[in-house]
Amino acid sequence: MNQLTAHFFSHSLEFLQQQYSSFFEQPIIQVFLQNPEHMKILRETLDSPSSHNIYHLNETFKIFYYRAKVYKYMCSLIYFFSVDFDKRARKQRERYRMVLDAAPRDTGGVIDRIGTLDLQLENMGETNELSSHISDEEMIKALKNLTTKQNLVLTMIFSYGLSNKEIAAYFHESPQNISSIRKQALKKLRKHYMDEVYARKEKSHCG
Amino acid sequence: MDKKLSKEELLNLIDSLNPKIKKSLLNTNYQDRNDLEQEIKLKIIESYEKIAAIEAPNFEEFLTEFLTKQK
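Taken in order, these protein sequences are the chains called A and B. Residue 1 is where the first sequence starts when you use our numbering, and the numbers rise one by one after that. Residue 208 is where the second sequence starts when you use our numbering, and the numbers rise one by one after that.
Any given hint could be a false lead.
[Claimed, not checked] In silico DSS-like links for lysine-lysine, alpha-carbon gap of 27 Å or less: (1) B:214 x A:87; (2) B:276 x A:69; (3) B:248 x A:165; (4) A:144 x A:62; (5) B:227 x A:144; (6) A:87 x B:276; (7) B:227 x B:214; (8) A:183 x B:230; (9) A:149 x B:257; (10) B:214 x B:229; (11) B:229 x A:183; (12) B:276 x A:188; (13) B:248 x B:276; (14) B:214 x A:149; (15) A:183 x A:165; (16) A:91 x B:227; (17) B:257 x A:87; (18) A:144 x A:165; (19) B:257 x A:191; (20) A:91 x B:276; (21) B:227 x A:187; (22) A:87 x A:72; (23) B:214 x A:91; (24) A:87 x B:250; (25) A:62 x B:230; (26) A:62 x B:229; (27) B:248 x B:214; (28) B:230 x A:188; (29) B:257 x A:187; (30) A:87 x A:144.
[To be verified] These stretches of chain A come out as covered by chain B in the derived footprint (C-beta under 8 Å, 3 or more residues): (31) 69-83; (32) 172-183.
[To be verified] Derived CB-CB ranges, DEER-like: (33) B:256 x A:148: 51 to 57 Å; (34) A:25 x B:214: 35 to 41 Å; (35) A:176 x B:256: 42 to 48 Å; (36) A:169 x B:246: 27 to 33 Å; (37) B:226 x A:174: 28 to 34 Å; (38) B:238 x A:184: 20 to 26 Å; (39) A:39 x B:260: 28 to 34 Å; (40) A:195 x B:233: 27 to 33 Å.
To be clear, the hints were calculated from the coordinates, so they are not data collected in a lab. Backbone N, C-alpha and C fix where the C-beta goes; we use that ideal spot for every residue, glycine too.
The task is simple: from the sequences and hints, build the whole structure.
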């Protein structure tokens, strides 16, 4: 123990809180002392600053501080990694666009190389409506209940992966409006599902 | 009590951070979200060594540092 800390431990808690108020204002110390267990350890140590008590306080604080650091580390890791991941994914998409009908250089587009397409496949490519991706009958019914615009917006979002901004540019509207249309449409779908499907399931299960 | 994190604790910590992870998924396209979730968890587990190597001061060390900085 060095002089500075020896001086610190020779006072009562109340005195210290006045004298070293800026120390107790440190966020880590504040959170540390919020735990009654930790507060008790500190009080005990100040009452009788034996080397055992001080050691106990030191170790408890060390573990606490370590946990806090790990938590912080992981939180920033998650955040920055997700941002980075998105950047990488964007770059990838930008660089390797899926071009089907344009000729890259001398060769024809992919579509020419595919040769004769069978009709069903061709139709599938043409209709990219949401209902063509869905096998659930109730869901298809629910989709039919939406307005044309709601349907179109959902198709653009989920089939083509367009952003609100891009769709807004298409309709000459604000992105906020697109966002609310999407929200309403999803709400409608969810409501339909809850009302129809769950009610029926409950009936068939309960009698 | 061992101050370093055991692997079980790390997994528990990842579980407790799940809401944070879910929130960070909003940073990317909805098609990539499952990939991202998996990659984040993988990344955390991969950085176990780094996390275990984080150093924390004990109470006295923290206090000394604070007091000397004040002067």
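Hint check results:
no.: 1; hint: B:214 x A:87; verdict: violated, 30 Å
no.: 2; hint: B:276 x A:69; verdict: holds, 21 Å
no.: 3; hint: B:248 x A:165; verdict: violated, 31 Å
no.: 4; hint: A:144 x A:62; verdict: violated, 61 Å
no.: 5; hint: B:227 x A:144; verdict: violated, 36 Å
no.: 6; hint: A:87 x B:276; verdict: violated, 40 Å
no.: 7; hint: B:227 x B:214; verdict: holds, 20 Å
no.: 8; hint: A:183 x B:230; verdict: holds, 18 Å
no.: 9; hint: A:149 x B:257; verdict: violated, 51 Å
no.: 10; hint: B:214 x B:229; verdict: holds, 22 Å
no.: 11; hint: B:229 x A:183; verdict: holds, 19 Å
no.: 12; hint: B:276 x A:188; verdict: violated, 60 Å
no.: 13; hint: B:248 x B:276; verdict: violated, 38 Å
no.: 14; hint: B:214 x A:149; verdict: violated, 51 Å
no.: 15; hint: A:183 x A:165; verdict: holds, 15 Å
no.: 16; hint: A:91 x B:227; verdict: holds, 25 Å
no.: 17; hint: B:257 x A:87; verdict: holds, 24 Å
no.: 18; hint: A:144 x A:165; verdict: holds, 25 Å
no.: 19; hint: B:257 x A:191; verdict: violated, 47 Å
no.: 20; hint: A:91 x B:276; verdict: violated, 45 Å
no.: 21; hint: B:227 x A:187; verdict: holds, 25 Å
no.: 22; hint: A:87 x A:72; verdict: holds, 23 Å
no.: 23; hint: B:214 x A:91; verdict: violated, 34 Å
no.: 24; hint: A:87 x B:250; verdict: holds, 17 Å
no.: 25; hint: A:62 x B:230; verdict: violated, 30 Å
no.: 26; hint: A:62 x B:229; verdict: violated, 30 Å
no.: 27; hint: B:248 x B:214; verdict: holds, 13 Å
no.: 28; hint: B:230 x A:188; verdict: holds, 24 Å
no.: 29; hint: B:257 x A:187; verdict: violated, 44 Å
no.: 30; hint: A:87 x A:144; verdict: violated, 36 Å
no.: 31; hint: 69-83; verdict: holds (count 12)
no.: 32; hint: 172-183; verdict: violated (count 0)
no.: 33; hint: B:256 x A:148: 51 to 57 Å; verdict: holds, 56 Å
no.: 34; hint: A:25 x B:214: 35 to 41 Å; verdict: holds, 36 Å
no.: 35; hint: A:176 x B:256: 42 to 48 Å; verdict: holds, 46 Å
no.: 36; hint: A:169 x B:246: 27 to 33 Å; verdict: holds, 31 Å
no.: 37; hint: B:226 x A:174: 28 to 34 Å; verdict: holds, 30 Å
no.: 38; hint: B:238 x A:184: 20 to 26 Å; verdict: holds, 23 Å
no.: 39; hint: A:39 x B:260: 28 to 34 Å; verdict: holds, 30 Å
no.: 40; hint: A:195 x B:233: 27 to 33 Å; verdict: holds, 28 Å
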